[in-house]
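Protein chains in written order, with our numbering: chain A, 1 to 336; chain B, 1 to 375.
Note that these hints are calculated values from the structure, not bench results. Warning: the hint list may mix true and false statements.
[Said to hold, decoys possible] Per the computed footprint, the stretches of chain B lying under chain A, defined by three or more beta-carbons under 8 Å from a beta-carbon of chain A, are:
#1 197 to 206
#2 283 to 297
[Claimed, not checked] Taking lysine to any residue and the SDA-like style, the derived pairs with C-alpha atoms no more than 20 Å apart in a straight line are:
#3 K289(A) x L244(B)
#4 K312(B) x K289(A)
#5 K189(B) x D171(B)
#6 K242(B) x R283(A)
#7 K242(B) x I279(A)
#8 K310(B) x H285(A)
#9 K310(B) x K289(A)
#10 K246(B) x H285(A)
#11 K312(B) x D254(A)
#12 K289(A) x D171(B)
[Unchecked claim] Computed Cβ-Cβ distance ranges for the label pairs, DEER-style:
#13 E142(B) x S317(A): 36 to 44 Å
#14 S197(A) x D103(B): 48 to 56 Å
#15 D258(A) x A366(B): 35 to 43 Å
#16 N148(B) x L100(A): 29 to 37 Å
#17 V325(A) x A352(B): 51 to 59 Å
#18 A366(B) x G54(A): 38 to 46 Å
The structure displayed is predicted, hence computed values, not measured ones. The beta-carbon is built from N, C-alpha and C at its ideal position, and this holds for glycine as well.
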Amino acid sequence: MSVAAPAEAQVSAAPLLQVRNLKKHFPITEGILIQKAVAHVKAVDGVSFDIRRGETLGLVGESGCGKTTTGRCILQLDRPTEGEIVFDGINLNDLDSRALSPLRQRIQVIFQDPYSSLNPRMKIGDIIAEPIYVHGLEPDAQKRMDRVRELLAVCGLNPKMADRYPHEMSGGQRQRVGIARALSLNPDFIICDEAVSALDVSIQAQVINLLEELREKFDLTYLFIAHDLSVVRHLCHRVAVMYLGRMVELADCDELFDNPQHPYTQALLSAIPVPDPDIERAREHRVLKGEVPSPINPPSGCVFNPRCPLAVEGCRSDIPELREVKPGHWVACTEV
Amino acid sequence: MATTCQSWIVYRQVSSIDTGAREILPFRFGYACNALPLPNGVSVTALLEIEDLRTQFFTSAGTVQAVDGISYTVEPGETVAIVGESGCGKSVGALSILQLIPDPPGRIVGGAIRFQGRDLLQASDQEMRDIRGRDIAMVFQEPMTSLNPVLTIGRQLTETLEHHLGMSRPDADARALELLGMVGISDPKRRLRQYPHHLSGGMRQRVMIAMALCCEPKLIIADEPTTALDVTIQAQILELMKDLTKRLGVALIVITHNLGVVARYADRVNVMYAGKIIERGDAGEIYRNPRHPYTLGLLRSVPRMDLPRKDKLDPIEGQPPDLTRLDGGCPFRPRCRFAVDRCATEMPRLEAVDGEHFSACWQADALTATERVAS
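Excised from the complex, chain A in its bound form:
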């Protein structure tokens, strides 16, 4: 059931990150003293993609589809069950935590919730300086604080905010602190896990613009995990759609939004309301029936088949592989 590596055919520059057949299964255990696994939650079940230098790959899907777990596996916060994660030619799965440390400087993360991802007892300055201290990059405390002020300014905050605590700041300001912390180690690659989802629209637009500016300024590569497709369309070069632990479609951003192939992608795009009553009331809505099945006992064959309008007999038994329907456009469906 290995999924063909979709990016192999289209790589022009060497990819910064290669994910091959990534699987992460969480055991469900029973018993008090002797714990034995009775089932597995297949959070990620065979996902492959490449991310090129300087590009932003969007990873979209609904809750429980495995997009956050994929991000955590790349960060090695969760060790993958199977598969390879090759960052700049080095397979991260082979490394122990000591050997990972220098690579961790190069891969950073911005979390979703700006309220719970900052330590409420630390000052903003200390939150941003901590990674620099931990990795021993700048032993001098004074110089560290200079760097912190510089980072705050880069992220559009007043350098004086270094002396404040997180509770004194608004959601948008906290998210900027999260971004400054991610930048503090000069990373190559940042995973944005729903980085703008918790923010109000007017603030969200500010943070999206900041992320774009920083990408150009520091030559960053992003993996942008989100469920809001309109934000993904604005920010990403390529987009991968996940459903129940599998990748169902991968294409260039414009191609995916203009010409979605997989029935799930089509339904997902149709479900997003457009902020214009004239267009919104005129267009056709394809409302998906049913709910996302449990990843503990996913449907056999194509995981989307119980909700799929195109499903045929074969979909219940055969797992569709990602295939290239157009150069650079990969779809895991036999019926398109």
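For this one, chain A is given, so just place chain B on it according to the hints.
Okay, now just chain B, sitting in the frame of chain A:
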């Protein structure tokens, strides 16, 4: 019982002229007998009329003017949206209608809320209890936390039916079954005996909607009904609410921050900022021709699926104001690119700019002129 039934008949005659739509309702059990009797001589036009409502929170940091003099009406059977960002007072305004503001620290300090011509702020606690859930129902944001985890789905539905409509247990059970079917829950018989934790988020929100519908209210207030749900489930729930409110002739107040949701479902829109309504109008009109800089800014700052990609988004700079420190001027002034000197001293009133389109901005006319130049 006889007297209430009489008043019900009177009420039915009046309301059927008003709404027409209520005729469709199945009155199989005759449980609408307890419907709110109308005071004599009151001619009802709007179903709900809110006038200069003020709700404040008295905290150690100062008085928060969460809702600062809002007025709007809801006609029978229509869908009105209240749009705004977090902290603008949209939820507090809705909770004030049902007097669900925790006191202390909050208090409704002024205004009137007239429901079918009767001021709810003058109603006693007992009268409010009768109104909540029967005449005005609420659908909350978090389907995870707003259902009681230790009661079965069936019990949560039948409790309301027994309390408000005096139904017997078997009748209530039968009605609960019917309601669950109506909101599209599969295998409703089994679901009645299940607990909320057995159900997914979308299913729980369907149960919330069934609970809101169970006494056939005239008004449902939905506070961010789909914010916690995934897009495909959000589409399901919104279609369901739209269909049911239309079929049953129920008026709906939708509180949301999602401009797309508003575009798809609302007839009229109220835009709120810092506790005030700053623009009101027909949904199409507001989107086509916004007459307040904040509404314009909101519409510009969302990335759109239907337009070509832009290089840069056009955000509203700055932060929303601290609601404990409002001065006499327009609260949007520090973020506004159209601001003039007058904005600092005088808060503009919500005034008609064009027929049924209202805006609270000194520059409402300048805005359209600039817009035409820009486009």
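Do the hints match the structure? See the list:
1. 197 to 206: holds (count 3)
2. 283 to 297: This one holds; 5 residues, not fewer than the three required, reach chain A with a Cβ under 8 Å.
3. K289(A) x L244(B): holds, 17 Å
4. K312(B) x K289(A): violated, 36 Å
5. K189(B) x D171(B): With Cα atoms ~14 Å apart, K189(B) and D171(B) stay inside 20 Å; holds.
6. K242(B) x R283(A): holds, 16 Å
7. K242(B) x I279(A): holds, 18 Å
8. K310(B) x H285(A): Distance ~25 Å between K310(B) and H285(A) Cα, so the pair is violated.
9. K310(B) x K289(A): violated, 33 Å
10. K246(B) x H285(A): At roughly 18 Å apart (the allowed maximum being 20 Å), H285(A) and K246(B) satisfy the hint.
11. K312(B) x D254(A): Answer holds: K312(B) to D254(A) is near 16 Å, not above 20 Å.
12. K289(A) x D171(B): Roughly 31 Å separates the two Cα atoms, so the pair is violated.
13. E142(B) x S317(A): 36 to 44 Å: holds, 40 Å
14. S197(A) x D103(B): 48 to 56 Å: Between S197(A) and D103(B), where Cβ atoms are some 33 Å apart, the hint is violated.
15. D258(A) x A366(B): 35 to 43 Å: The hinted range 35 to 43 Å holds for D258(A) and A366(B), with Cβ atoms some 38 Å apart.
16. N148(B) x L100(A): 29 to 37 Å: Given range 29 to 37 Å: violated, Cβ gap about 46 Å.
17. V325(A) x A352(B): 51 to 59 Å: For V325(A) and A352(B) the Cβ distance comes to about 54 Å; the hint holds.
18. A366(B) x G54(A): 38 to 46 Å: holds, 43 Å
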